[in-house]
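A.B. asks: Both chains are given apart, each in its own frame, so use the hints to dock them into the complex.
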Amino acid sequence: EVQLVESGGGLVQPGRSLKLSCAASGFTFSDYAMAWVRQAPKKGLEWVATIIYDGSSTYYRDSVKGRFTISRDNAKSTLYLQMDSLRSEDTATYYCARMGSYMGFAYWGQGTLVTVSS
Amino acid sequence: DIVMTQGALPNPVPSGESVSITCRSSKSLLYSDGKTYLNWYLQRPGQSPQLLIYWMSTRASGVSDRFSGSGSGTDFTLKISGVEAEDVGVYYCQQGLEFPDTFGAGTKLELK
Chain A
48 EVQLVESGGG LVQPGRSLKL SCAASGFTFS DYAMAWVRQA PKKGLEWVAT
98 IIYDGSSTYY RDSVKGRFTI SRDNAKSTLY LQMDSLRSED TATYYCARMG
148 SYMGFAYWGQ GTLVTVSS
Chain B
1121 DIVMTQGALP NPVPSGESVS ITCRSSKSLL YSDGKTYLNW YLQRPGQSPQ
1171 LLIYWMSTRA SGVSDRFSGS GSGTDFTLKI SGVEAEDVGV YYCQQGLEFP
1221 DTFGAGTKLE LK
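As they're listed, the protein sequences go chains A and B.
Start counting the first sequence at 48; every next residue gets the next number (the working numbering).
Start counting the second sequence at 1121; every next residue gets the next number (the working numbering).
Since the hints were made in silico from the structure, they are not lab data.
Computed from a predicted model, the values in this text were never measured in an experiment.
Don't take every hint at face value.
What the hints assert, rightly or not - To spell it out: a stretch of chain A is covered by chain B in this simulated footprint if at least three of its residues, at any positions, have a beta carbon under 8 Å from a beta carbon of chain B; those stretches are:
# : region
1 : 58-69
2 : 73-80
3 : 87-96
4 : 116-128
As the list claims (entries may be wrong) - Pairs of lysine-lysine, DSS-like flavour, derived with a Cα cap of 30 Å:
#  : chain 1 : residue 1 : chain 2 : residue 2
5  : B       : K1155     : B       : K1199
6  : A       : K123      : A       : K89
7  : A       : K112      : B       : K1147
8  : A       : K112      : B       : K1232
9  : A       : K90       : B       : K1232
10 : B       : K1199     : A       : K89
11 : B       : K1155     : A       : K123
12 : B       : K1199     : A       : K90
13 : B       : K1199     : B       : K1228
14 : B       : K1199     : A       : K123
15 : A       : K123      : A       : K66
16 : B       : K1199     : A       : K112
17 : B       : K1228     : A       : K90
18 : B       : K1199     : B       : K1147
Stated by the list, open to error - In silico negatives: residues of chain A with every beta carbon more than 10 Å from chain B:
#  : residue
19 : S54
20 : Y100
21 : D131
22 : S132
23 : R134
24 : S135
25 : E136
26 : T162
27 : V163
For glycine and all other residues, C-beta sits at the position ideal for the given N, C-alpha and C.
Isolated chain B (complex conformation) (with noise of 0.2 Å):
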């Protein structure tokens, strides 16, 4: 299985301030469509997760473009720039490149 490795942030965070949340996997995927099969999701504090970010970078319908991604094959970048309070809550990574689709465990962000 693909083993997703997330890192953590300096929690609190300060309003306003910008974050990067990593994620690396134990192997690469990019596909040989061209295309880096990770995907990032929030869950809120109580709610569903919800997806942010497809295909590595693509910021799904409706994401605020505080919101970024970026990386190479196996490592990953979620960029937050300039936290709110709605931001709050865990975030996932998770590979589609086989099954079993596999998650990272979560990084948290609280803010101050």
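Bound conformation, chain A alone (with noise of 0.2 Å):
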């Protein structure tokens, strides 16, 4: 069964840093693209970054570039998000996601809150 569980959310004031974990168990994990999609409260679903199975190529959406950094552990099977330079609009449930050949979600964990305020 795969599973994702993502950790490392919390409250954390403007301009601050956080890490977000996923670990990941069930499948190959380096076989598989990874992603972060995100969610404000009581809103849509907003993706966030993409990393290739091997970590050697990474996207992410502009409104985080330069700001976050997606990598990933094969050998520990777990996603990271390097949150930097945090601003109120980042505040959101941060889901980690398991790609699939179609370029879409396959697989999705519980998700994480990060409440960016002072």
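C.D. replies: Set out below in structure tokens:
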């Protein structure tokens, strides 16, 4: 059974940093591209970043480029999102997702809430 | 960026009725490999989203055959045949043709 378990969310002040983790199990982690998708309170889904299976290529939405870094440790089957210079508009539940060849999100974690506020 | 526009449902919907959710993209999602990179998700209240349909019309593993997807390069439909209580939630379409991946705003389904 595919499992994705996010951690690392919490309350953080504007301008500070936070690092999210996503522990994967139930599949060969190194075979799949992975992504982060977020959802602001009472809002829709918003793609944040994608990393291909070996970590050699990464993609970001414009609003987080230069502030967020997606990475992975295939030996630990873990996905990360380093978030720097956080803004109030980054407040959201962050989901880790395994991608499919159809460039969609096949499996999702339960999400971790990030609140950026002073 | 590709803009995804979803239609609304005439909520609440009577149980057992069939409904169609529409989604339109600002650019054709048909790729040179012959596949259309349009995916559908359901987010039930208080839960994470789940994949329903990929490549416009292929049901994901374990998804009921009451769900079906169809469309052209820019206009898409998710049909639910015989709505049940477990179908309540918000439905999202998403394009995977090019970055940034974009989602529609969501279509809420409520049951009468």
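A.B. asks: Next step is simple, just say for each hint if it's right about the structure.
C.D. replies: Results for each hint:
no., hint, verdict
1, 58-69, "violated (count 0)"
2, 73-80, "violated (count 0)"
3, 87-96, "holds (count 4)"
4, 116-128, "violated (count 0)"
5, K1155(B) x K1199(B), "holds, 20 Å"
6, K123(A) x K89(A), "violated, 33 Å"
7, K112(A) x K1147(B), "holds, 24 Å"
8, K112(A) x K1232(B), "violated, 44 Å"
9, K90(A) x K1232(B), "holds, 24 Å"
10, K1199(B) x K89(A), "holds, 25 Å"
11, K1155(B) x K123(A), "violated, 34 Å"
12, K1199(B) x K90(A), "holds, 23 Å"
13, K1199(B) x K1228(B), "holds, 14 Å"
14, K1199(B) x K123(A), "violated, 40 Å"
15, K123(A) x K66(A), "holds, 16 Å"
16, K1199(B) x K112(A), "violated, 37 Å"
17, K1228(B) x K90(A), "holds, 12 Å"
18, K1199(B) x K1147(B), "holds, 22 Å"
19, S54, "holds, 15 Å"
20, Y100, "holds, 16 Å"
21, D131, "holds, 20 Å"
22, S132, "holds, 20 Å"
23, R134, "holds, 18 Å"
24, S135, "holds, 21 Å"
25, E136, "holds, 16 Å"
26, T162, "holds, 18 Å"
27, V163, "holds, 21 Å"
Violated hints, listed in ascending order, are 1, 2, 4, 6, 8, 11, 14 and 16; each of the other numbered hints is respected by the structure.
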